[in-house]
Every structure is written in C-alpha cells, then in structure tokens.
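J.: The task is simple: from the sequences and hints, build the whole structure.
There are 2 protein chains.
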Amino acid sequence: MPVAGELVTGLKCRLCGKLYPKEALNFCTDDFGPLEVAYDYEAVGRTFTRESIASRPKNMWRYHELLPIDGEPTVGKHVGCTPLIRADRLAKALGVAELYIKNDAVNHPSLSFKDRVVAVALSKAVELGFQTVGCASTGNLAGSVAANAAAAGLDAYVLIPDGLEQGKILGATIYGAKVIAIEGNYDHVNRLCSQIAFRYGWGFVNVNLRPFYAEGSKTMGFEIAEDLGWRAPEHVVAPMAGGSLIGKLHKAFHELDRLGLMNGPVRTKMFGAQAAGCNPISNTVKTGANKVKPVRNPDTIAKSLAIGDPADGFFASKLIRDTGGWSEDVDDEAIVEAMQLLAETEGVWAETAGGVTVAVARKLIEQGKIDRDGSTVLCITGNGLKTQEALADRLARPVVIKPTMEAFDALVESYGAFAEVGAIAAGA
Amino acid sequence: MPVAGELVTGLKCRLCGKLYPKEALNFCTDDFGPLEVAYDYEAVGRTFTRESIASRPKNMWRYHELLPIDGEPTVGKHVGCTPLIRADRLAKALGVAELYIKNDAVNHPSLSFKDRVVAVALSKAVELGFQTVGCASTGNLAGSVAANAAAAGLDAYVLIPDGLEQGKILGATIYGAKVIAIEGNYDHVNRLCSQIAFRYGWGFVNVNLRPFYAEGSKTMGFEIAEDLGWRAPEHVVAPMAGGSLIGKLHKAFHELDRLGLMNGPVRTKMFGAQAAGCNPISNTVKTGANKVKPVRNPDTIAKSLAIGDPADGFFASKLIRDTGGWSEDVDDEAIVEAMQLLAETEGVWAETAGGVTVAVARKLIEQGKIDRDGSTVLCITGNGLKTQEALADRLARPVVIKPTMEAFDALVESYGAFAEVGAIAAGA
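Heads up: the sequence lines are chains A and B, in that order. With the working numbering as the guide, the letters of the first sequence map in order to residues 1283 to 1710. With the working numbering as the guide, the letters of the second sequence map in order to residues 1283 to 1710.
Everything labelled a hint here was simulated from the structure, so no lab data went into it. Small disclaimer: the values here were computed from a predicted structure and weren't measured. Incorrect hints may have been included.
Just so you know, same-sequence chains aren't split out, so a pair can sit in one copy or run between any two.
Lysine-lysine pairs mimicking BS3-like chemistry, simulated, CA-CA at most 25 Å apart [said to hold, decoys possible]:
| id | residue 1 | residue 2 |
| --- | --- | --- |
| 1 | K1359 | K1340 |
| 2 | K1374 | K1359 |
| 3 | K1533 | K1684 |
| 4 | K1568 | K1533 |
| 5 | K1374 | K1573 |
| 6 | K1374 | K1645 |
| 7 | K1359 | K1533 |
| 8 | K1568 | K1651 |
| 9 | K1294 | K1600 |
| 10 | K1645 | K1294 |
| 11 | K1684 | K1600 |
| 12 | K1573 | K1300 |
T.: Quick look at the structure:
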C-alpha cells in the first residue's frame, strides 16, 4: 500500500494549536496541552476512497491514510475488523429498535480494543528506533503491549497497579514482558511511567507515544461506519477510563464525513459509561462542572476503567455535552447483571467494562436520554475470560451427576433442579 | 448468497458407502460406520470459484457451497477467517524455513476452532427444527455451543467431565446454558449424550448432528489454502482429540484441488499431535497397529485433548500414514514450555492444546519427520485464557515495587531482579 508518511503534517496542541514535529512528544511546552496528530486531508482524500478501502485486506490498516505511521505497519498487521453484530435479542430486552454490538472482545491478538492503539504505537516506535517499549496499564494494555512487542521482537516493560485480575497478569507475563506491579492505583503507575519514559528514553505507548497511540482507536469508528454502509449511528455508548476512546470514535465519523465518504450527515450523540466506583468523567457531565474532579481511591470490579484522574477527562466530558449525549455510572451488581444479559442474549462474553457499557446503556434508555427509535452502537472493548473473578462467586458450579440415564432423567424431571440451573444461568 | 441445498446429495457411510438422507443420523445401520456428507461437486463447481469466493464477506461462510446447510446460515454468521500468521521468529527457534500459525485461538465468538463446527451444526439444527441442542465436551465445545445457542435463542444442554478448567466452565454457564458435569471422563460423557439424544430427540452437535458438524472444520483448511495463495502447505500439524479435525483439513485441500482452485498439486503430509497422558491415536501411528487401543484414564493438562476413545481415531491414524506424515505425543512440561515459546516468539497465547501442537512440531522437526525446508502450518485451536491453571503456578507473580523512581532504578540496576523477571518469562 502507498506510504502514508507525507500525510501526517505533525503534532498539534489541542489547547493553543501550536505545531510540533511528528516525534515522541505528548504535550505542548507552552501550555502543557496534549498533542494530537495533524493530517493533510487534501492529500489523504486522493487515495482514501470507499473503493480503495474495499479493495484492501480486512484489518485496521485498510484505513492507513488516517493512521500516523510513515511506512508499512510492522506491528499488529492482523489487528481489527472485528464483528459489528446486529443485536436484536438484546435490543428487545432493552426496548430499542436498532442495536449493534461492536465486538472488540474478540479483537486479536490480545482480545481487547487496545490492540488497535498498540499496533499504531509500536509500529511508530519501530519507525522512531525504539528497542524498548512500555506502558502504564489497568490490564488490557499490558497484554496488548506484551503480545505485540513479543511478536515484533521488542523488549517490553509493563507497569500495572498491584491487585489486577490473574488473567490480565498472566496475559502479560506469558509473552515474556517484564511485568512490574506498583503499590498504588493507576494514577501512581501513570506518574511513574512518565518519569521512566523521560529518564530512560524508552517508548511508552501511552506516555511519549500517546499522540500516535490514541489515533489507533479511530479504526473502531471507521469499521462501525463502513459496516453500517458508510453511515454514523445516532447513538454510541463507549466505556471511559482515560477518556480517549470516545473522542476518537467521534473524530473517526467526522473525518470520514469531511472526506466525503459518508451517506448522510453525522449527528452522532456520544454517551460515556463509567463505574460508580470510579466516575470522574460521568460525574463531571452530570454536575455540569468545568473541570474533572479526580477520584482518589477507585473501587470497582471494572478494574480496566479504574482511572481516577483521566488524561482526556476534560475533552471527553465536553464532547459528550457538545454532541447532546450524556454519561452515567453503575454499581458492581448492575455490571455483573449486564454481563450476563449480554452473554445470554447475544452470545458475547465481555469483561466487566462491557457490563458497564451495557448497564449504562440500559440506564440511559430508561432515562430517555437514548432515543428508543434511533440506531445505537454499544462498544465492547475486552473479553470476559480476563475478568473471571467478577463472576466466579456469582455463577454457581454446574450440577454434578453420575454417568447414567437414571441420573439424567431425575435431573430433567426435577424442575427444581432445572429452575436452579436456569436460575444460576440467569444470575438469580 | 445462493442456496446450497441441492449441492448436498445426502449422507454416506465411510465404511460401506451406503447412502442416507441428509437428516440427524450419524451411523450406518448396516455396519455402524460413521456417516459423512456427500456433495454434488459438479454443481458446486458452477459457483465455487476463486473470484466468487474473493467477492464474499471474510468469514467461514464464503465457502458455503461445501458446507452442508440448505439455506442461509442462521447461527455463527461472523465465524472464521482467523489470521494465518507468518511465524518467522518461531521458525528460527524451531529451525525451519517457512512456518505459519493458523490462529483459531482468536476465532469468535468463543475463542476456539469449535465455533466453526458449531456454526454449521446449529444452523443445521435450526433447519431441522430442533429447539433444544446439546453437546458432549472437553471444554471448548461447551463454550461454543453455549454462546452460539444463546445468540440464536436455542436451549442448550452442555455435558462435560467433572474437573474442567474454571474458564471453560464459566465460559459456558455465563451464556445461560444448562451445564451438567458428569462423574467420569469424556468417554462416559459421550456415551451418556448418545443415549440422551436418542431418548429426548434433541440435537446434539457431536452426536446425531455429527456429520454436519464435522464439515465445519474444513473451513480452517479452506482459509489456510486461500491465504497461501491457493496452495496447500507441505506439512500440517494438528492437535487430535476425537481425531476429526486432521481429516477435515486434508479433505479441504483435496476438495479445492478437485474443483480446480489450487495452484500446484496437493501433497500435504498430515501430522497429528497428542499429549503423552492421552495418546491413543499417536500410539496407533507409532506402533503401526491396525486398530486404536483406547486410553482408559487420560491424565494430561491438555484437557481439551483428553479423549481416550477417539471417534475418528482409526481414520486419523490411517490418514497420517497414507499421507507420509507421523504422530507424536509430549508431556506436560513440554506443553507448558511450548506455550511460552509460542507466546514469546509470536505473541500468540494458546491453550494447552496449542502447546501440544508446538511441542510435537518441535519433536517431529528434530526427528527429521518434518522437512526443515518445506512449508509448515501449525493449527492453534484454542485460547490460553481458558487454561490459566496450567500456568498459574509456573509463571511467578510480577515484582512489586513502590511508586518511586528510586524503587524502579533499583530494580533496573539489580540484574538479579531482572534475570529473575526474565527467567520467569522464559519459564526457567
């Protein structure tokens, strides 16, 4: 595919607009505003057409003109193009007409949407000459950096808060990454990683490579639009941790619109989902505050969303208000019930963050914030196998019987037993 | 897509060739031989071309003319088209020139190749009017039947041997399936399911729906050939439980050849991988026996392969010998080491069965049974998140430090600590 190098004009401060070269920088030296990748959209438009995209392999790189690497991708070549599921059974349960699940629970290699951002960040890291990369992670990013770095032959340092789920810890150590748990929460980990990236000159995907990294999330939006026939949905519900994803989904729809690829106008309302135990952004939206008040001690089973001081919290809350969307948060009980509802209606086993998204969507529908007649896309960002702890105590063990028809017949006859099995499955 | 109904002529006994109608039957009433789907290849050839296939969505149904359902698929519409990874780092470690990983660890929805067979079996179950479906499973099939039945609104009964991994049990109960553990091993479960299917008239995917079910595995072979540029590899290494997959991979290459879609001849040697703790098929191959001697008490961490009396064991061992391939088995230690090698070189975290495949491939390469210069495809069939128990004790916990640069610097300086972290990751 054509080299996209000349399509990226540089990095631009989101506050003052000052331009910087496309290097490992993440904030403006004048006002400390975050930097964002700037593109030459006129040049992009020359090759970025529906026809050219349709002719490319089914992975996230089919949108390469709007991804900030200069040459061919060298990391994460197979990432993306996950299923957009028409979710009629869940739609019926939630009482809406047109519902879709964007299922990044099966994104590969590491089963979360983080493979999208890591594919871009590590491909860029290779271009910039980094041999050692790292990240501050609440779990999914740890596995994605570890897996993709291993495949690329890069050394990976993964820093996580102490006490993450076993699946997420094993899911990083198995790849040979140096996994270091920090006594404290994600914000402690993140601050330390900023110092490490500066001191050691390593490429931290969500620190000094963050502007490039964050652009990878746009591919989730590009895929949603392409799979909907180059249309944007009326509502998108996305989970919020650092608050970056929801903004990039919105940016994706508007970039496609700007380039003339969309059928009809883009009027998508953005809805943000958080856990009640860590709701700095939803709290900002609901109170109408002008700045995000950090949550000092996050406490939720949705550990992948447990970021008390979200880097993009301000921009996310502003975007949600500007688009006419809203934000809500839900407790652990509602999270688990929603995980089960999603699994039982659509056969999708999401991690706790997916339960947050579905539970918040249900709440927003009941509040009338999400129009029951409009089209809605729920973004599922991680896999349920990674957060088994949240269910292990709530789903009872299976009934155990002897290997005989008598035993099975007795089980079938005992409606009580069935009610129980059914109830277990239904989470009662 | 065109209805494929008239392309299936019926079911044919693999022993005597007697023809049966395409109904829920699985064995010949004359000699109890297994039944296999028969196609009208001339009719298939009219629409099954490289061009027509290339124009279809990227999922297993792009090969629908060679899948035994009469109408449109109603279950598992997004299944398949998993990555075929050029595995140069693993190739270097194993000392071969051209190596590929067919990564069904990320097949969806349930993260194993079983979604392929279940998509066909349940789409057929819907056509035949079954509302209640079931399976006998060693784990992956349980999750796939539960997930796909949930999405289709079917009632699912999943029978498993007692003592499976938590990830596989939760991975079935979460979808609302009725999960029943049987005191005994898989062979006890399988015998009971045969009685249940007969007594209750339910659609058991790997019992009375088995002929349709088994055909789904061919799509793994179709995808390998298409991704290799319509070529068959010189060697394929596949894990063996019941022994069906290896035969269907071979059948897929030869069906494509028969229809004139392949570049060059199909001379693929088939290699079967088993665990030393349950090796009925590899033992048959290695001893040259004429019949498969069942393993009474399987004992291996590769629980998904722990079938002591494999339904297709005879056909698998004959195929392996006829193609000039071979079979081996490996112990638990080798399985875990191979899981780590695959993860550290290619960023693929496979379940224990994947460790069996990689460890057996290494053994066969060292034995000279697999030619170091030929092209080899390793079939990875399930995800590592499902068998965490096999690693939990072997991968030590991450190093825990305070959130300070002093603590991090000390860790970096202490090569001992690093050697330890490295050693942990390297499985030493």
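J.: With identical chains, the pair K1359 and K1340 could be close in the same copy or across copies; at 25 Å between alpha carbons, which is it: within, between, both, or neither?
T.: This pair counts as both: shortest intra-copy Cα distance 10 Å, inter-copy 16 Å.
J.: I want to check one pair: K1568 and K1533. Are their C-alpha atoms no more than 25 Å apart within a copy, between two copies, both, or neither?
T.: Answer is within; shortest intra-copy Cα gap is 23 Å, inter-copy 60 Å.
J.: From the Cα coordinates, with 25 Å as the cut-off, is the pair K1568 and K1651 best called within, between, both, or neither?
T.: within (12 Å within a copy, 66 Å between copies)
J.: Using 25 Å as the alpha carbon limit, work out where K1374 and K1645 are close: within a copy, between copies, both or neither.
T.: within (15 Å within a copy, 53 Å between copies)
J.: Is it within, between, both, or neither for K1533 and K1684, if the alpha carbons may be no more than 25 Å apart?
T.: neither (57 Å within a copy, 38 Å between copies)
J.: One pair to classify: K1684 and K1600, alpha carbons no more than 25 Å apart. Within, between, both, or neither?
T.: neither (60 Å within a copy, 35 Å between copies)
J.: If the cut is 25 Å between Cα atoms, do K1374 and K1573 qualify within a copy, between copies, both or neither?
T.: neither (37 Å within a copy, 53 Å between copies)
J.: Between copies, within a copy, both or neither: which fits K1294 and K1600 at Cα up to 25 Å?
T.: Within one copy only: 19 Å inside, 65 Å across.
J.: Given identical chains, is K1645 near K1294, meaning Cα to Cα at most 25 Å, within a copy, between copies, both, or neither?
T.: Cα proximity of K1645 and K1294: none, with 37 Å in one copy and 54 Å across.
J.: Given a CA cutoff of 25 Å, do K1374 and K1359 count as a within-copy pair, a between-copy pair, both, or neither?
T.: Between copies only: 20 Å across, 37 Å inside.
J.: How would you label the pair K1359, K1533 (within, between, both, or neither) given a Cα cut-off of 25 Å?
T.: So K1359 and K1533 pass the 25 Å test inside one copy only (23 Å; across, 30 Å).
J.: When no copy is specified for K1573 and K1300, does a C-alpha distance of 25 Å or less occur within a copy, between copies, both, or neither?
T.: within (23 Å within a copy, 76 Å between copies)
Checked against the numbered hints above, the structure breaks hints 3, 5, 10, 11 and satisfies the rest.
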